[in-house]
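> Those protein sequence lines, which keep their order, are chains A and B. Every letter in the first sequence is one number past the one before it in the working numbering, and letter 108, counting from 1, is 108. In the working numbering, each residue's number is its place in the second sequence (first place is 1) plus 1000.
Bear in mind the hints are in silico, worked out from the structure with no lab data behind them. Note that the coordinates shown come from a computational prediction; the quantities given were computed from them, not determined experimentally. All residues carry an ideal CB built from backbone N, CA and C; glycine is no exception. Just so you know, not all the hints are guaranteed correct.
[Claimed, not checked] Over the 12 Å line for every Cβ pair with chain A, so calculated as not near, a few chain B residues:
no., residue
1, 1018
2, 1020
3, 1023
4, 1032
5, 1035
6, 1063
7, 1105
8, 1142
9, 1181
10, 1182
11, 1319
12, 1375
13, 1507
14, 1518
15, 1614
16, 1621
[What the hints assert, rightly or not] Straight-line distance between alpha carbons at most 25 Å, and here's what the computed SDA-like set of lysine to any residue pairs gives:
no., chain 1, residue 1, chain 2, residue 2
17, B, 1384, A, 152
18, B, 1632, B, 1599
19, B, 1552, A, 39
20, A, 43, B, 1544
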Amino acid sequence: MKLTLRIWRQSGPNAQGTLVDYVLDDVSPEMSFLEMLDVLNEKLILDGDIPVTFDHDCREGICGACGMVVNGAPHGPQTLTTTCQLHMRTFSDGDTIVIEPWRSAAFPVVKDLMVDRSAFDRIIQAGGYVSVTTGSAPEANTQLVPKPDADLAFENAECIGCGACVAACPNGSSMLFVSAKVSHLNVLPQGQPERESRVVGMVEQMDAEGFGGCTNTGECTNACPKGIPQASIARLNKEYLRASLTHRR
Amino acid sequence: MSDTFGYTVGTDLADKAAPDGPIETRWSRRKFEAKLVNPANRRKHRVIVVGTGLAGGSAGATLAEQGYHVIQFCFQDSPRRAHSIAAQGGINAAKNYRNDGDSVRRLFYDTIKGGDFRARESNVHRLAEASVQIIDQCVAQGVPFAREYSGLLDTRSFGGVQVQRTFYARGQTGQQLLLGAYQALSRQIDAGNVEMHARTEMLDLVVIDGRARGIVARDLVTGEVSTYMADAVVLATGGYGNVFYLSTNAKNSNASAIWRAHKRGAYLANPCYTQIHPTCIPRSGDYQSKLTLMSESLRNDGRIWVPKNPGDTRSPDVIPEDERDYYLERIYPAFGNLVPRDIASRAAKNVCDEGRGVGPGGLGVYLDFGDAIRRLGEASVREKYGNLFDMYQRITGENPYKVPMRIYPAIHYTMGGLWVDYDLQSTIPGMFVIGEANFSDHGANRLGASALMQGLADGYFVLPPMLGNYLASNKLAPVDASAPEAVAAHTESTERLAKLLAADGDRTPDSFHKELGELLWDNCGMARSDAGLRKALGRLTELREEFWSRVKVPGTGAELNQSLEKANRIADFIEFGELMCLDALHRAESCGGHFREESQTPDGEALRDDDNFAYAAAWEFTGVGSPPVLHKENLEFDEVHLAQRSYA
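Just chain A, with the same shape it has in the complex (with noise of 0.2 Å):
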């Protein structure tokens, strides 16, 4: 296949940037998107040009490193997709792909496609944890977890930290994420005695970074690679109400 790939240069966080036209001739449908992006960035090192820069580590889905908006959409045309997972055969010969970082205040650009993603590490340490030193543990099984809510913390776990949600959201909200750690730890009995407090503290910091607030159009869960439900975010929203009126934070 041949491609025109229309993509997002920026050398550094405050140099202006701008979409740049790049021709690739040879594109295999089995490629996955990022192998392609190495192709080119092997061609570009040779061609005494400086290559694109991107982030990715696992390359299979799960360690939420990669993300780049594809054609106007975070991580791609495919649902339920990383980028990293994505293969070239969802392209045609002779398209143009435009390719973007995330966009957000919250996610400043590093270089090129890749952002700053931190905020969601200071949300996580603002409360989405279960305070259990180790070796304090009781036996696993004197605490009976019923399976649906074992199954129901699982999905919410299942995130990834991608970041996709707030590129997709018009108001470069974070709430998807937050809540689905809220979510996971809180329908656990484990996460019981933190419950109010863990809530708070994620939502307080997630205001403090910048990130805007959700007004219920859906495009995070959409984008979201792990189909993180948009129920989750009713479920913060309703934990949130609920530690607020308990005063027990």
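Let chain A serve as the given structure and place chain B on it in line with the hints.
This is chain B only, laid out in the frame that chain A set:
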């Protein structure tokens, strides 16, 4: 004999920290004998932890909880992205919830046998003991393990064992366990007990007066190279599987931290013990950048087969039952599709060598869920393996509910690593090595669902008391980054980066990495021979020299430069590959994942040579291109009788 192989034999190495006495009591005795650091004094101690995977994340969190001041590093943008996240299948623990005859003793036995009698008994027993506590800890953290309708924890089978002791969270057990450790670490970062440096890569180890006292690291965003000092250094930097270029490892996983530490004096043990995983998606072209694992758990319900007749290119659905060869079930009736990984991988290679492989290039075998779907229903199969099936479909464009998966072996894990004693301390005092980065627990082959167990055992339970013992037993003089050794390490690191940038050759870093990978896969992969290894060693010397004169790294060192990061790691991989081939050449026996063609039974199974090779090979660095020194640590088997492995 040693001169012709390019190494010399030094004095034997003994594990001085290992306690004796009944094996069940050794770990509790060692813990009791360990000196303690008063809680009030712990915060005065600075401890560097490099890596935030299961081992590093759990270690950093636990040390910080205990009161030490932890300075932690990862090259990823967040500690949550370490490659442990990609582990799929599960974690073993001797809980015996199934009442199926499991025990600490049996987990210990299975691991020693699975490792083909090349691991240390004391370490493995301790690992089996710790397994029980790991599950408790993770459940308390909120790790959403699979559960029965009763609300109790579910378990499943894994390769190489006959009990159901594997705890799991669908096909994402590594992710869930890592998030547990990451959240524990995050709590300590928030509390100010951990100083976290993400996007920062270790370049060198600082050794002062024979002790590890710090590291040199590069901020990958600004390019700034800095020196960090501490009272002890913990390496939790993972394995070296990416030396093969194509592997199931994450793209950025590398061997630089352990290799630089090796160059500073830490012995490296058994580098030739590499694990080739039988169930990966076959490669599709030259542009292939990595290989994707399909969890071993699939072998619980999937049946592996190839056509009986070579050259049968019919579509699998029209090949009748009696023209299929379910070769694992045929050759190993007792374990069937659940034989250990090394055995399953070699069997796949053998049938492909016979011309019976399937898919492009004949490098694949079928993993067929037809029977399981008929027996259990598609919904039940989806419940167990849904995410893996989806991943397979995304990568190959084929629907595994309808068409059998095609799989082929790929490099997955490395059992070798830095040599450590029972305390997990390397040959450099004050440097501890945990998780996949060390060599200690898996011998010549790791059993499925044991990597997660080892990483967390080391980080949560084994390292912290042993590190405390080191700090309490040694009076460490204050040091800072102006120490001559620290300045020298910093200078060497920056000069090396400058040299990479200055080469300005005509080949990309990746082109060297791919060539290295092919050379090693062909000669030091699933089957190794004297002639092949010698050929590889010859080419590696040339490749190393060619690299430094022909590599082309664009950009500068004072900025984010992914090509520079890559080139810096590949230079280490080439040197590492040389030692790996030399180790494989010297070990003229077959054991576990190390299969020497010259040493096999009449029916093609690995044939050990216990008289000559029942030792761990610990290599001492003497200079690039200079013959290393081999130190042997003899392995004693008092508890498990040395026997030829049999899974028939």
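> Against this structure, judge whether each hint is valid.
How the hints compare with the structure:
no.: 1; hint: 1018; result: holds, 23 Å
no.: 2; hint: 1020; result: holds, 26 Å
no.: 3; hint: 1023; result: holds, 23 Å
no.: 4; hint: 1032; result: holds, 15 Å
no.: 5; hint: 1035; result: holds, 19 Å
no.: 6; hint: 1063; result: violated, 9 Å
no.: 7; hint: 1105; result: holds, 20 Å
no.: 8; hint: 1142; result: violated, 5 Å
no.: 9; hint: 1181; result: violated, 10 Å
no.: 10; hint: 1182; result: violated, 7 Å
no.: 11; hint: 1319; result: holds, 24 Å
no.: 12; hint: 1375; result: holds, 22 Å
no.: 13; hint: 1507; result: violated, 9 Å
no.: 14; hint: 1518; result: holds, 16 Å
no.: 15; hint: 1614; result: holds, 36 Å
no.: 16; hint: 1621; result: holds, 29 Å
no.: 17; hint: B:1384 <-> A:152; result: holds, 15 Å
no.: 18; hint: B:1632 <-> B:1599; result: holds, 21 Å
no.: 19; hint: B:1552 <-> A:39; result: holds, 16 Å
no.: 20; hint: A:43 <-> B:1544; result: holds, 23 Å
Against the hints set out earlier in the document, violations occur for numbers 6, 8, 9, 10 and 13.
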